[in-house]
Amino acid sequence: MDKRYQVFVSSTYADLKDERQRVIQTLMEMDCIPAGMELFPAADEDQFAFIKKVIDDCDYYVLIIGGRYGSLTASGISYTEQEYQYAIEKELKVIALLHENPADIPLGKSDLDPALRERLSAFRESVSTGRLVRFWNSANELPGIVALSLSKTIKTYPARGWVRADRVQSADLLVELNEVRKQNELLSRELASRQIEPQPSVAGLAALDDTIELHGTHRYDNRPYSWKASMTWRAIFSAVCPYLVQHPAASTVKDIIKKSAFEVSNSRGYNAALDDQVFQTVSVQLKALGLVKIEYLKTVDGGMGLFWSATPAGDALTLELRTVRR
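FYI, my numbering numbers position 167 of the sequence shown as 172, with every residue one higher than the one before it.
FYI, nobody ran anything at the bench for these hints, they're computed from the structure. Some hints could be false.
[Unchecked claim] Computed spacing ranges between beta-carbons, pair by pair:
| id | residue 1 | residue 2 | range |
| --- | --- | --- | --- |
| 1 | Leu213 | Asn189 | 27 to 33 Å |
| 2 | Glu94 | Val207 | 36 to 42 Å |
| 3 | Ser256 | Ala120 | 17 to 23 Å |
| 4 | Gln26 | Leu137 | 21 to 27 Å |
| 5 | Gly113 | Thr304 | 25 to 31 Å |
All values reported here derive from a predicted model rather than from experimental measurement. Here a beta-carbon is modelled for each residue, glycine too, at the ideal position from N, C-alpha and C.
Using the sequences and the hints given, assemble the complete structure.
Given below as structure tokens:
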């Protein structure tokens with residue numbers, strides 16, 4: 006099914022009008038939906054609340070940096086950097102286009118204030134850290150750079166995109182497929198309930214109310230930090246168990262545990278990640294406790310992957326933990 010991807014174009018405006026126009030024209034020729042400050046008559050704090058909603062709907066983010074840092078927000082950073090930080094927080098894939106020689110940019114398109122020039126330099130360094138960037142010297146180079154970079158990004162990191170309503174499968178067919186899915190889940194759970202596998206006996210196995218320290222990394226103010234949280238096995242299973250009926254992939258379960266533990270840690274920031282060895286320990290422990298089944302199964306696209314489901318004992322504990330009583 007054909008998709009159209011929405012791409013947010015971020016930059017300072019007055020000095021990069023021609024560059025923005027060429028990038029937007031390229032996006033339209035690629036059947037993408039460009040979005041950016043052209044939609045907004047002014048830049049202020051109230052306007053940024055709307056810009057965030059537009060970024061939320063976007064699939065990719067293109068950042069163009071020239072010779073100006075841009076006007077500052079009340080928090081002391083430019084509107085362009087504020088947009089960039091929000092895109093990173095939303096985990097959008099960023100295509101960064103930096104002018105290769107800022108010193109060669111005409112004075113009329115450069116910051117004369119030394120403080121702003123220093124901020125621009127720091128912003129360029131922040132964008133370039135841990136990310137592949139593309140450099141340009143003239144507006145004429147941007148269409149080719151954007152077309153090549155975005156095509157590769159879409160292929161490597163496919164996003165949700167937009168689909169025309171008349172190309173979506175009919176509602177009747179969707180209802181029918183949904184009913185088949187429900188019947189399949191019902192039969193799978195009935196079969197699983199009749200095949201209770203004995204759990205291995207492990208001496209001194211930690212109980213549900215014993216604790217484990219979960220830890221990982223996150224970013225705050227564009228700097229890496231570590232976080233940690235102490236949770237009981239009961240609390241970890243309580244966070245995961247409502248989703249097990251959907252037979253989630255292991256990566257989905259890891260994300261659920263990460264979000265729950267990160268909240269417990271009371272840390273602030275974005276791009277939180279759970280240490281993979283800790284997640285593997287959690288997987289083995291919940292399996293040893295007889296609460297989950299982890300199987301290597303075929304995916305819908307023909308590949309293979311690890312998927313989680315609840316055992317009968319896990320289903321019973323789910324009802325105990327997540328039902329609402331008087």
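| field | Violations among the numbered hints | value | 3, 5
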